[in-house]
Structures are given as C-alpha cells and as structure tokens.
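Could you put the whole structure together from the sequences, leaning on the hints where they help?
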Amino acid sequence: EPEVTQTPSHQVTQMGQEVILRCVPISNHLYFYWYRQILGQKVEFLVSFYNNEISEKSEIFDDQFSVERPDGSNFTLKIRSTKLEDSAMYFCASSGEGGNTQYFGPGTRLTVL
Amino acid sequence: RKEVEQDPGPFNVPEGATVAFNCTYSNSASQSFFWYRQDCRKEPKLLMSVYSSGNEDGRFTAQLNRASQYISLLIRDSKLSDSATYLCVVIYTGGGNKLTFGTGTQLKVEL
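Residue numbers (our numbering), protein chains in the order written: chain A, 56 to 168; chain B, 20 to 130.
You may find that some hints are simply not true.
Below, in silico cross-link-like pairs of lysine to aspartate or glutamate (EDC-like), each with a Cα-Cα straight-line distance of 16 Å or less [unchecked claim]:
(1) A:112 / A:99
(2) B:61 / A:99
(3) B:98 / B:58
(4) B:61 / B:76
(5) A:138 / A:73
(6) A:133 / A:118
(7) A:97 / B:26
(8) B:64 / A:56
(9) A:97 / B:58
(10) B:127 / B:26
(11) A:133 / A:152
(12) B:127 / B:96
(13) A:97 / A:56
(14) B:127 / B:76
(15) B:64 / B:101
(16) B:127 / B:34
(17) B:64 / A:58
(18) A:112 / A:123
(19) A:97 / A:58
(20) B:127 / B:101
(21) B:61 / A:58
(22) A:97 / B:24
(23) A:133 / A:117
(24) A:97 / B:22
In short, the hints are calculated from the structure, not lab data.
In structure tokens, the structure reads:
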C-alpha cells in the first residue's frame, strides 16, 4: 500500500538554526500539506501546495517558513531561524484528485534547544 | 468558541462495550467531515468519512446532523486495539482542503 514517508524521524537543532524537513508524498497525489502538533495539543494546519504553488497557508506559516517541491517526488518544509516554540511534531500529508482524503506521513519530531 | 469541539475523555471501557463519541463544529459552512484515529506519538490515520445519511464500516458507525452541527462516532464490540485518540475533523467550504482538527477524545479499552 502506498504511503507518505518523512525524514528525519527526529531532528534536534539549536535556536536560530535552519532546518529542512523532508517528505515523499504518495506518487500520484496532487495536493500536499504540512501540519504540526505541539505536544499535548491538537493538529494544526500550516500550508497546502498544489500545482507548484502555495494554495493556502495559516497564520502560523509566517516568513520563517517556506515549502518547496524541488523535484518530482520530494516536498520540503524549511524553517529559516528556529524558535523554541517551533518544537513540535510536523506531519506531511498528501491527497489525490478532489483533495479531501488526506494521508499522513509518520511525522518528524523537531526539538529546538 | 473552538471550531471543532470534543470531550477529551479519557473514556475507559471494558472490552466488548459499545462507546460513542460526539463532536460539534462551529462553522455552518462545512462541507466534509471525517473521523481520524491517532495512536500515541503517531500520525493521524483516516478511520472514516462521515456522510449526511450516516455510514457504517464494520464495528464503526458515523452520523452527521447538519442542523445541530454535530457529528458522532459509535464503536461496537470494543477491542483492546481500539485504544487510541479519536479526532473529529472538518473541512470548511471555501477553506480549500485544509483540515480543521478537534483536540481528540481518548479511548482506553480494558480487559
């Protein structure tokens, strides 16, 4: 069964450093997403991406964040200058035509020290 | 008011019991509804979509009441493996495909 994959599973970084979280969506999917979940809190939408551009983003997704699809398979989330409050689980998701049913990757746990 | 509201639980039930979870959503312009399940420190996994006419998938039944802005999930014959957090999820009309999550309801099925 096809699945979304994410690397790394855990990333530890120092405050102010840049991090890149990587995702490989399901191969024939067209819509890509990033969500985050701070420990003990609900899953929150960050950004959606379709046809090589951002289709929607939340208030959380400020200028420190960017997304890219550098090739035909990878989808990345970059945080330029990490803050302590960026510590969270980051989930990538993808969906096919129609877009409603989203499948999540296993997540990257980001710890900012 | 929270966009998607759920009782956090935990619901502790014996194996074999029937348990029901409820969820309310604040935005009447909602178009799609789902139940996801999330195991501890894992990703959300789609359990089932929720349709206006109600729908069933094995031991799981989902209901939607648009007038009351209320969604429910019923689990019959609970199994130990059903222990997880159940997330109520909504897509709002005009919100693209953005999923809006509730905080989840924790279920613990015990022997």
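I'd like to know which numbered hints this structure contradicts. Please list them from smallest to largest.
Numbers 4, 11, 13, 14 and 19 - these are the hints that the structure violates, sorted from lowest upward.
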